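Participant: Protein chains in written order, with our numbering: chain A, 21 to 375; chain B, 1358 to 1865.
In short, the hints are calculated from the structure, not lab data.
Don't take every hint at face value.
[Unchecked claim] Residues from chain A that face chain B, not an exhaustive set, calculated with beta carbons under 7 Å: (1) His92; (2) Arg95; (3) Trp96; (4) Tyr100; (5) Leu102; (6) Gln104; (7) Ala106; (8) His110; (9) Ile119; (10) Val120; (11) Leu123.
Source: prediction; values computed, not measured.
Note that the Cβ used here is the ideal one computed from N, Cα and C, for glycine as well.
Each chain is listed here by its residues.
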Amino acid sequence: MIEFKNVTKIYDDGTEAIKDFSLEVRKGEIMTIIGPSGCGKTTTMKMINRLIEPTSGSIYINDKNIKDYNIHELRWNIGYVLQQIALFPHMTIEENISIVPELKKWSKKDIERRSHELLEMVGLDPSIYKQRMPSELSGGQQQRIGVIRALAADPDIIVMDEPFSALDPISRVQLQHDIKKLQKEIKKTIVFVTHDIDEALKLGDRICFMQKGRIVQLDEPEQLVMNPGNEFVKDFLGDRKSPWQISVDSILDQHTAYIIPTADDHTNIYPTEGTFVLEDENKYYKGFIVNGKMINARTLESKMTLYDAAEILSSSDQNLFPVLEGEKLAGVLTYQRIIEYLRSKTGKENGVIRQ
Amino acid sequence: MNEFITVFQNRQDMLLESTLEHLQISMISLIIAIIIAVPLGLYLTRYPKAAEPVIGTSAVLQTIPSLAVLAFLIPFFGIGTTPAIIALVLYGLLPILRNTYTGIKEVDPALKEAATGMGMNFLKRLTKVELPIAMPVIMAGIRTSMVLIVGTTTIAALIGAGGLGDIILLGLDRGADVNLILLGAIPAALLAILLDLILRLFEKISRKAGIKSFIAMLIIAVLIVLTPFMFNDSRQPDLVIGGKMGSEPDILINMYKLLIEEETGLHVGLEPNLGKTAFVFSALQQGSIDIFPEFTGTAIVTHLEEQAQSNDARDVYEQAKQGMKEEFGMELLEPMDFNNTYAVATTEEMAEQYGLQEIGDLKQIENDITAGFTLEFNDRYDGYVGMQEVYDLDIADIKTMEPGIRQNALSNGEVDVIDAYATDSYMIELNLVTLDDPENLFPPYQGAPLMRDDTLEEYPELEGILNQLSGKITDDEMRQMNYQVDYEDRSPNEVAREYLVNEGLLDN
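When you get a sec, could you build the whole thing from the sequences and use the hints?
Facilitator: Pasting the structure below:
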């Protein structure tokens, strides 16, 4: 859909913003571009709608060099959402939404229908909001308008430049949620620049991690978190990696008192009180004993994340869970151990508890 | 107040005409200023490097006193509406230019980027985003400029452009007649307020209906202002006679006109009440007037920058005539009888109390009196400087003041003696006494028609016609005629005609 081929951008002051950059954004995906400030992510995005021209290399949309499109028509077909929201303060909400359809010379009726439809799509009652001025709306509402303004003329591509960074945390989360939901319906190709790793992980079908004008890692969110490409990415993810993402085999209970060997003689004589896990001499899992009786227990897989494990934990009344690596018993997970682990990942600073 | 109402009733016609002229000159100037400054301001936002010098230049233009700008323009554009409008446009440029530049520049860069990013071209971005957002700032500039222009237009009367300044100047000339000054000043202020309201309305409408409506309104305004010109088909005069400020020159030029039109088929136009001597003189040089009555003394002292070689009226005239001919290629025709020289005047009571007859008699009371002199008189040799030398005077307290207010200061008792012009009408009204000048310190100031040689070559008959007045009109006759115009409110034309008829120079 969008393809960067060996793109370089050197600014007039000599700053090399983008270095030999190649990237393909697939049709219908959300590509989040993230990196520290000055990494070139915004430059990359603005080259798509030609707000910035590359020094060398080419960019293609649908296999056609963007320089071969009429620049205005190109931009009409690329929705643009700005960090500063930038609704035109002298126009009503409806007029703001209608700009690109008007530039594309849609009929008055079509434009009116479209703005009505878009307002309803983001949950703003058209009869109330159409005639309002931007200043009468909250920040979150304004950026909702900013998003539907970009969608107005039904472009195939939408570029967003840190669109939610100026919003309060609650609006931000809500808009992220909305975008995710919206994308399921509209299936646009979206390039979404952000400096917020949570946002990038949450929204991106793929994440393009940039540093000093180059791509450091291009991956799906899970892969990026699980296998950061280098130390820098790891640092950037840093504390943002949730303790719930740990695999359960990393937090096994070290006490072995819960594990007892299977009786050689098959006499089936086990302690009549307490819960135990059975293993044979080859460390294969052999069963689960509660108060002297063997029962069919829920088990966990060793590479399962704690988050996924918690789902099994919460649906079971066991207080002890065997963790298996294939057929073999890797160890045991207990609630006590989970609590210990989570607490170790939580700090208390200045009276405020934080991860 | 009653007096003001009387003045208002007597001058209704003049007031209406002046107000319309004032409105027209102001509006034309403002519209031209807008047409120049707004696009220039827009242009400068694309070339910020040029902005500071250009805006700086327009700021410099604004610091030049308006009188100086007018004086500077006369040699190129003469007198009348054109130079006045040029000067007013120069005055009006800065606020509009600066506000347009600032207004557009201050538009949030994010909004400009949004507009560009959404695919607006340069013109769309300008008209849909930048201009509407900058409009309040630009309009503020236009309104400032408007007030400035409406105010400054009063000065345009000094170069014969008309407007409410005519009434104000007339008031100043008539001994600071407060009622007349107010009659000019109040409508000027009301005009500024009215135009401000209209501009605000403009702004409001354009905010709702977009930039196109603003341009449409501008075009309508241009049409309204220009319409009177299209129907103005008055005949172009063959000759234009100018006159300085005041009733005396006004009466004289009317006599010239009457005589010339009586004896030739020429159509004569008049430009009365032109401000300063220098303005009238450069207008004559430049050609926008052809004749004006000048004083022999002024020709020598002011134009030729010489001293009078004699105090004999005939010698002075010959010196002036020769000098003007050689220096400027101008013809000074035969002078009339009256001598509007400087005089030192005081009240009758004062003269009686101290037995004052001659200037030298002031010596005995020089430590006790206050003199009210014009700046010019105080500084001239044929003025107070000469009085000190020739009559050995050293008056303790001297106040310098505008010519128009001396006589009031004298009649109010604020000053005891003033310098005066011998034929001024207030001599009669205020019962003033002039002190004799036995040493002939003040050179003769006789009125005579001054014109360029080429005018006389083209119309040689003028010499004979205008010289009919040679040796006519005594001091007292002149004073009486001035009095009739200044205090009896008769028209200069009527007074001039009456005199000419009585003298047998004109048939009824």
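Participant: Run every hint past the structure and note whether it holds.
Facilitator: Structure-based check of each hint:
1. His92: holds, 4 Å
2. Arg95: Hint on Arg95/A: holds, closest Cβ of chain B at ~3 Å, below 7 Å.
3. Trp96: holds, 4 Å
4. Tyr100: holds, 4 Å
5. Leu102: Where the cut-off is 7 Å and the nearest Cβ of chain B is about 6 Å from Leu102/A, the hint holds.
6. Gln104: At 4 Å from the nearest chain B Cβ, Gln104/A passes the 7 Å test, so the hint holds.
7. Ala106: Since the shortest Cβ distance to chain B is 4 Å, the answer is holds.
8. His110: Status holds, d = 5 Å.
9. Ile119: At about 6 Å, which falls below the 7 Å cut-off, the nearest Cβ of chain B leaves the hint on Ile119/A intact, so it holds.
10. Val120: Holds, because the Cβ-Cβ distance from Val120/A to chain B comes to roughly 6 Å (cut-off 7 Å).
11. Leu123: Cβ of Leu123/A sits 6 Å from chain B, so the hint holds.
The structure agrees with every numbered hint stated previously.
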